[in-house]
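J.: Next come the chains, spelled out residue by residue.
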Amino acid sequence: MITNGSRVEQPAMNETSAPVLAVEDLTVEVPVDRIWRPVVEQVSFSVRKGETLGLVGESGSGKTMTSLAVMGLLSRNSARIAHGSIRLTGQELVGAGRRQLDQLRGDRIAMIFQEPMTSLNPSMKIGEQIVEAVRRHRPVSRAEARRRAVEVLDLVGVPSAASRVNSYPHEFSGGMRQRAMIAMSLACDPDVLIADEPTTALDVTIQAQILDLLRQMRDELGLALLFITHSMGVVADICDRVAVMYHGQVVEQADADDLFERPRHPYTEGLLRAMPTLVVREGRLPLIPGRPPQATMRPTGCAFSPRCPYRIAACTEVPPALFSTGDTGVTRCIRPGLPLQGAT
Amino acid sequence: MAGLLVNRILRSVPLVLLITLGVYGLVFLIPGDPAATLAGDNPTPEQIAHIRQSLGLDRPAVEQYLGWLLDAVRGQLGQSLYTGADVTGMILDRFGVTAWLSVLAVLVAVVIGIPAGVLAAAARGSWIDRAITVAVTAGIAIPGFWLGLMLIIVFALQAGVFPAGGYTPISEDFGEWLLHVTLPAVTLAAAPAAELARHTRSAMLGVLEQDYIRSARAKGVAEWAVLIRHGLKNAAGPVITVLSFQAALLLGGSVIVEQIFGMPGLGSLAIQAVHDKDLPVLQGVVLVAALIVMIINLLTDLAYGFLNPKVRAV
Ligand SMILES: Nc1ncnc2c1ncn2[C@@H]1O[C@H](COP(=O)(O)OP(=O)(O)O)[C@@H](O)[C@H]1O
Ligand SMILES: [Mg+2]
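In order, the protein sequences belong to chains A and B. In terms of UniProt numbering, the first sequence is residues 1 to 344. In terms of UniProt numbering, the second sequence is residues 1 to 314.
No lab work stands behind these hints: they were computed from the structure. We treat Cβ as the ideally placed atom computed from N, Cα and C, and that holds for glycine. Be aware that a few hints might be false.
[Stated by the list, open to error] Now the stretches of chain A that chain B is said to cover, found in silico as 3 or more residues with beta-carbon under 8 Å:
#1 66-79
#2 89-103
#3 106-120
#4 130-143
#5 173-185
[To be verified] Among chain A residues calculated to face chain B with C-beta under 10 Å, some are:
#6 125
#7 168
#8 170
#9 194
#10 294
[As the list claims (entries may be wrong)] Quick list of simulated restraints, FRET-style, between CB atoms:
#11 A:92 - B:211: 50 to 56 Å
#12 A:171 - B:276: 57 to 63 Å
#13 B:9 - A:171: 24 to 30 Å
Construct all of the structure, not just a fragment, from the sequences and the given hints.
T.: Structure (structure tokens):
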């Protein structure tokens, strides 16, 4: 069951405390015909302890690339961080060596993925896969690591965890596998959890359970949660802050409540209007017409302008800079004052 | 696991029977009167009659086969037509040579081929990958007899590090044994090592694309452990298939290698038996070879079960 009001209010100190994860001006490039082209460009965001930042955007907007860059998981030959900074509790990750990353990954920062069916090693027992993570980062005995494995499986709601540690992934359903992934990611009590569309591949009822679980884990463990999704409905459910991605860039960033009430970017408005609840209310499918440009192509003006109902001549001339909107919000639109329609 | 073993052994019984039929059937491949042919040039009628009787060729075919089969099950493979020696004894004398040579060759192939394949996949597209690919192509293309002769010329005749041929049993002197089997084993291992490297590389490339490899890296697992524990273990299926196929092929290769290096193994026994038209010896050697191939297949099935939890559960 989704209980929107169940979120524990974070103590006021968190508002001013330093972010656990701070990404600044991140640009990721991929090789196209031997030339490096950006697919993620000038992305900045930060996440604090106990806070959830939603990274939302259509498929292909660069969300996964961004999260893999943060984890240092971009494969060497097919993508690179061109510039920018990624700091984990102050420690710079861009340019860090494999050894240093290995010490942080699974310990201070962890990630769960979109496809629970294929994200676990099929030839290794679930428990062993958790034990591996624990023993990689903690100087504990096998027995102790196993106890921890049972403990976290139990924590994430895997029934009879003590015997299920000995199961192989194929003996688990999709929802249970995602719980196991979450258990594995939380085994060393990380500061940051990145969840890349963790419910997209699951049934609707299971989706709600996994969202509940993540919300509960965030609150109990004080996680900084970077939650990636293409669904505004899910954003409404779990996020405190939202960064909207379009064509590799963050086009709007704001507190979730503000963003839903008053979007500052026409693309955000389009996403809000495409939310299923609104579809039901208005009896039509208000999808944003058109498609984004190819990820590796750079249009001269605003990348959204070809699809934008508020386009003016200036939009197609120069790429828009970020405009500040209110206290904490930004929009990458040269018309930040547009009276756009929110969802509430 | 034990259930799997029993299951596979029972399933192989019909195959064993088929093999024995084929081995016994060798006698019917001989044109004309087998007894007369086997007796050699200008035989006396007594010699022909003796061969006919000792092979049981005077009895009905089914009875001949069953008699031979029962003897074979009891470990009696008859006498050599040429020397009159006990065939089982002859095979046992030479079995060790071929067995040790083959085991060593398989070990060499595994120790070189699998790491080379893993390395090539891990360093895909790099100069290491390209160098390994060149070596693999060479290993597959170079004929065994040529490689054997080259090794003899370079390492035995010129460098004098290894003997050019002959054999010392492992039980007599391990060091001498090792010196004698090194060049033959390397000769025998070249092609299977190359095949193993090639298939390990392609299986690893497939596995390294999988999501669970990314998950392993995401929890900070060291790269070598990602490659071995998460990569190779899941790539092992096709690698083992190739290994078992290559191990079986290697038995055939040992015939040539034993000949080149003058080793008194089963291969040279088989060649000699063909030469002498010594049918019982040939039947014995072929039967043993067939049984070895069967055992290799059995081990392969067990390895699959060991590696794949889904197979094991069945
Ligand atoms: N190696 C590559 N070469 C070219 N384009 C790529 C490569 N890898 C990813 N892309 C492109 O980068 C864009 C961002 O992908 P991704 O981060 O997976 O998007 P999302 O997770 O938001 O759906 C996509 O349009 C994809 O086509
Ligand atoms: Mg994605």
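J.: Each hint needs a verdict: does it hold in this structure or not?
T.: Checked hints:
no.: 1; hint: 66-79; verdict: holds (count 3)
no.: 2; hint: 89-103; verdict: holds (count 4)
no.: 3; hint: 106-120; verdict: holds (count 9)
no.: 4; hint: 130-143; verdict: holds (count 4)
no.: 5; hint: 173-185; verdict: holds (count 3)
no.: 6; hint: 125; verdict: holds, 8 Å
no.: 7; hint: 168; verdict: holds, 4 Å
no.: 8; hint: 170; verdict: holds, 6 Å
no.: 9; hint: 194; verdict: holds, 9 Å
no.: 10; hint: 294; verdict: violated, 23 Å
no.: 11; hint: A:92 - B:211: 50 to 56 Å; verdict: violated, 28 Å
no.: 12; hint: A:171 - B:276: 57 to 63 Å; verdict: holds, 60 Å
no.: 13; hint: B:9 - A:171: 24 to 30 Å; verdict: holds, 28 Å
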